[in-house]
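Novice: Letter by letter, the chains look like this.
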Amino acid sequence: MASHTYGATQAIVLDTFREAFARKIFWGLFGLSTAMVLFFLFIMKIDIVEGAAATISMFGMQSGREIDAGRLVKQVQAGIATFLYTWGMFLAVFASAGLIPSILEPGRIELLLSKPVGRTHLLLGRFLGNLLVVGFNIIYLVVCVWFILAFKTNIWTPDFLISIVSTIFLFAVLLSVVVLIGVTLESTALAVMIPAGLMVISPILAQHKIMMRLLGSEWSRRLWRGLYELLPKVYDLGKMTLDFVTDRRVESFAPVYSSAAFGAAVLALAVYIFQRRNF
Amino acid sequence: MSELAIETNSLKKVYRSFWSGREVLAVDGVTLRVERGTTYGLLGPNGAGKTTCVKMLLSAVHPSAGTARLFGRDAAEPEARRSIGYLPENHRFPTYLTGNSMLEFYGSLSGMEAPVRKRRIPELLELVGLDRWGDVRLGKYSKGMLQRVGLAQALIHEPQLLILDEPSDGVDPVGRKQIRDILHSLEERGVTIFVNSHLLAEVEAFCRDVAILHKGRVVLEGKVKELTAGKGYRLTVPAALPENLRAEITSRASSTAARDGVLDLQFSGRDEANRAIDLLRAGQLEIEALTPTTSTLEEVFIRSING
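As they're listed, the protein sequences go chains A and B.
All residue numbers for the first sequence refer to numbering that gives the first Met the number 0, where the first residue is 0 and numbers rise by one.
All residue numbers for the second sequence refer to numbering that gives the first Met the number 0, where the first residue is 0 and numbers rise by one.
If we strip away everything but chain A, and leave its shape as in the complex, we get:
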């Protein structure tokens, strides 16, 4: 029984990878990650002077002044983490959005459901496969960049690696939204638009302290505050990652807990709806 559960999970994950390969999703993400790795490997040159100060040169052009090597590495790592958080996340959601509705196509879903695999197992297996497709690329990019920077500067700061965990965590939260849209509406377009909307609205909602002063009515302040508390805190999580990477103190872990609760609730709702649906 346990071996069947493991075997079936492995098969569903492998099938997700195969589909990601066939749709060029995996190679697209891998290609972008590789381009970035090659940029750091060959184009961006960092010269360390007496082990502390550094200059950067790209395409033969050199930065004018020497800066602290440790600070430089942190800034580059912060830049990568920000890129991953914004464009990388959007690309990952865009690439993954079709992978859930595709298994719900008539003629495909009936056959999957006819196998001795529970619906929850099927959906969570697909979720895991999707997470691993993106997670593999995030790990590949962050570890390679970290290694290249460390090798070039001889500064081995592991803090940057925390962005692997935080980026995959945020992707998992947004992927739960993709899954919910997939099982309810079977729309790839909406499965991109809604998580992207959550990413866009998050920095606005995060200004709740300012907005509490600006909003005139009590109900509008409550609504703002409620939305901020309810929805995933993409902005706060990103800020937290940057704080980690740049050695700043993290003020609160509350955004992690509330975003995790949001993701778990949305995924549970998706599983519940998937269980109840007729195909």
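Keep in mind that the hints are not guaranteed to be accurate.
[To be verified] What follows is a list of derived Cβ distance ranges for each label pair: (1) B:128 - A:229: 54 to 60 Å; (2) A:5 - B:91: 26 to 32 Å; (3) B:78 - A:220: 50 to 56 Å.
[To be verified] With a Cα cut of at most 20 Å, we get these calculated SDA-like pairs of lysine to any residue: (4) A:23 - B:24; (5) B:117 - A:2; (6) B:139 - A:238; (7) B:142 - B:89; (8) B:11 - A:101; (9) B:11 - B:24; (10) B:176 - B:88; (11) B:117 - A:278; (12) B:11 - A:276; (13) B:230 - B:273; (14) A:23 - B:136; (15) B:139 - B:99; (16) B:11 - A:278; (17) B:142 - A:104; (18) A:151 - A:41; (19) B:117 - A:33; (20) A:23 - A:101; (21) B:230 - B:298; (22) A:73 - A:238; (23) A:238 - A:207; (24) B:176 - B:214; (25) B:117 - A:13; (26) A:23 - B:230; (27) B:117 - A:6; (28) B:139 - A:20; (29) A:23 - B:135; (30) B:214 - B:22; (31) A:23 - B:95; (32) A:23 - B:273; (33) B:11 - A:41; (34) A:44 - A:33; (35) A:23 - B:138.
[Stated by the list, open to error] Which stretches of chain B does chain A cover? Using the computed rule of at least three CB atoms under 8 Å from a CB of chain A, they are: (36) 51-60; (37) 80-87.
Since the hints were derived computationally from the structure, they do not count as laboratory data.
A quick note: this is a predicted structure, and the numbers were derived from the prediction, not measured.
Quick reminder that beta carbons are idealized off the backbone N, C-alpha and C, glycines included.
Take the given structure of chain A and dock chain B to it, following the hints.
Specialist: This is chain B only, laid out in the frame that chain A set:
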């Protein structure tokens, strides 16, 4: 374990529109008993509820009322589906898979261990005549080839119950014969085969039992032989009969037809046929042929649908 492969009790499905609340009764109290080892055909016109019935057996559709059991287990339990092989109608196999990887995938989901899969896949591809196509993507397969690889998929884990939705749809006559031969060999090994098809001649030739569904209800169920067996007889005699004898015999027949110098007389019962034979022999006239008449499954089907 239960002696019944499939058992449904008053199975009912009502589809409700989420927005308008409108209800459509797709299946209305279907009770079926499919014995182990039999070949069973589920027939019905379009929209009769056949596919919904099959989907309820597979738990792809949740019944509104009633129960469905497979080998004595509740069909909703994933374990109940372990001994089922299924070939859907209008299947959409992922085109990025090859024949080998498709069988590998569905074999894994069916709980097969890797060494068993490795042994079974080439055997099955050979069985369905696709042994040289294992490494080719399904996107390159013709419709008939997809149907055959779909059958291989349904057989990968050596199921005890095979549920086939239009199994020979899109397959050429040679492929159909091949599928029929495979199904016959499975039948000989005691596999229960449940076919949902609109090809009545095929169902008549292959299935031992049938149920006819109309407007969500079972309108007729039984052994194919019994349903198609007729009580009438056809008597063929020379057309050149004396006028008075001809008049007497034809008055007893339910229908007559003259062709190629002979007269076909249809009698609804044995007594009428015997009386006609007595009259003919008394007049020392020849009898060309006497054959019991049967109905085709198509005739039975049309009669039952038309009430």
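Novice: Compare the structure with each hint and give your call.
Specialist: Against the structure, the hints come out as follows:
At roughly 58 Å, the beta carbons of residue 128 (chain B) and residue 229 (chain A) sit within the given window of 54 to 60 Å. Against the hinted window of 26 to 32 Å, the Cβ-Cβ separation of residue 5 (chain A) and residue 91 (chain B) comes to about 27 Å, which satisfies the hint. Evaluation of the 50 to 56 Å hint for residue 78 (chain B) and residue 220 (chain A) yields a pass: the beta carbon distance comes to about 53 Å. Taken as a hint, the residue 23 (chain A) and residue 24 (chain B) pair is broken in the structure, with Cα atoms around 43 Å apart against an allowance of 20 Å.
Distance check on the hinted pair: residue 117 (chain B) and residue 2 (chain A) sit about 17 Å apart at the alpha-carbon level, within 20 Å; holds. Annotation: proposed proximity of residue 139 (chain B) to residue 238 (chain A) is violated, straight-line Cα distance about 49 Å (limit 20 Å). In summary, the hint linking residue 142 (chain B) to residue 89 (chain B) is supported, as the alpha carbons are separated by about 10 Å, within the 20 Å threshold. Distance restraint check for residue 11 (chain B) and residue 101 (chain A): the Cα-Cα separation of roughly 29 Å exceeds the 20 Å cut-off, and the hinted pair is therefore not satisfied.
Between the alpha carbons of residue 11 (chain B) and residue 24 (chain B) the distance comes to roughly 8 Å, so the proposed pair stays at or under 20 Å and holds. With a CA separation close to 19 Å, the supplied pair residue 176 (chain B) and residue 88 (chain B) stays within the 20 Å bound. For a cut-off of 20 Å, the pair hint linking residue 117 (chain B) to residue 278 (chain A) is broken: about 31 Å separates their Cα positions. For a cut-off of 20 Å, the pair hint linking residue 11 (chain B) to residue 276 (chain A) stands: about 16 Å separates their Cα positions.
Of the pairs offered as hints, the one joining residue 230 (chain B) and residue 273 (chain B) holds, with about 13 Å between alpha carbons and a cut-off of 20 Å not exceeded. A C-alpha spacing of about 16 Å is found between residue 23 (chain A) and residue 136 (chain B), which places the hinted pair at or below 20 Å, so the restraint holds. This hinted pair checks out: residue 139 (chain B) and residue 99 (chain B) have alpha carbons roughly 14 Å apart, not beyond 20 Å. Between residue 11 (chain B) and residue 278 (chain A) the CA atoms are separated by roughly 16 Å; this keeps the pair inside 20 Å, and the hint holds.
Distance restraint check for residue 142 (chain B) and residue 104 (chain A): the Cα-Cα separation of roughly 18 Å lies within the 20 Å cut-off, and the hinted pair is therefore satisfied. This hinted pair checks out: residue 151 (chain A) and residue 41 (chain A) have alpha carbons roughly 11 Å apart, not beyond 20 Å. At most 20 Å may separate the alpha-carbon atoms for a hinted pair to count; residue 117 (chain B) and residue 33 (chain A) exceed this at roughly 35 Å. Under the criterion of a C-alpha separation no larger than 20 Å, the hint pairing residue 23 (chain A) with residue 101 (chain A) is consistent with the structure, at around 15 Å.
For the suggested pair residue 230 (chain B) and residue 298 (chain B), the alpha carbons sit about 15 Å apart, so the restraint of at most 20 Å is met. Distance hint between residue 73 (chain A) and residue 238 (chain A) is fulfilled; the C-alpha atoms sit about 14 Å from each other, no more than 20 Å. Under the criterion of a C-alpha separation no larger than 20 Å, the hint pairing residue 238 (chain A) with residue 207 (chain A) is consistent with the structure, at around 15 Å. Simply put, residue 176 (chain B) and residue 214 (chain B) have alpha-carbon atoms about 32 Å apart, too far for the 20 Å limit, and the pair is violated.
Proximity of residue 117 (chain B) to residue 13 (chain A) is assessed by CA-CA distance (about 17 Å); at most 20 Å being required, the pair is judged to hold. Restraint check for residue 23 (chain A) and residue 230 (chain B): the C-alpha separation of about 66 Å exceeds 20 Å, so the hint is violated. Taking the CA atoms of residue 117 (chain B) and residue 6 (chain A), the gap is about 14 Å. The hint holds against a cut of 20 Å. For a cut-off of 20 Å, the pair hint linking residue 139 (chain B) to residue 20 (chain A) stands: about 18 Å separates their Cα positions.
About 19 Å separates the Cα atoms of residue 23 (chain A) and residue 135 (chain B), which keeps this hinted pair within 20 Å; it holds. Under the criterion of a C-alpha separation no larger than 20 Å, the hint pairing residue 214 (chain B) with residue 22 (chain B) is consistent with the structure, at around 14 Å. With a CA separation close to 11 Å, the supplied pair residue 23 (chain A) and residue 95 (chain B) stays within the 20 Å bound. Restraint check: the Cα-Cα separation between residue 23 (chain A) and residue 273 (chain B) comes to about 78 Å, which exceeds 20 Å; the hinted pair is violated.
With a CA separation close to 68 Å, the supplied pair residue 11 (chain B) and residue 41 (chain A) exceeds the 20 Å bound. Between residue 44 (chain A) and residue 33 (chain A), the direct Cα distance comes to roughly 17 Å. Compliance with the 20 Å bound is thereby established for this hinted pair. Annotation: proposed proximity of residue 23 (chain A) to residue 138 (chain B) holds, straight-line Cα distance about 16 Å (limit 20 Å). Requiring three or more residues with a Cβ within less than 8 Å of a Cβ of chain A, the coverage given for the region 51-60 of chain B holds, as 5 such residues are present.
Counting residues of the region 80-87 of chain B whose CB lies closer than 8 Å to any CB of chain A gives 5, which reaches the minimum of 3, so the coverage claim holds.
Going through the hint list in order, the structure does not satisfy hints 4, 6, 8, 11, 19, 24, 26, 32, 33.
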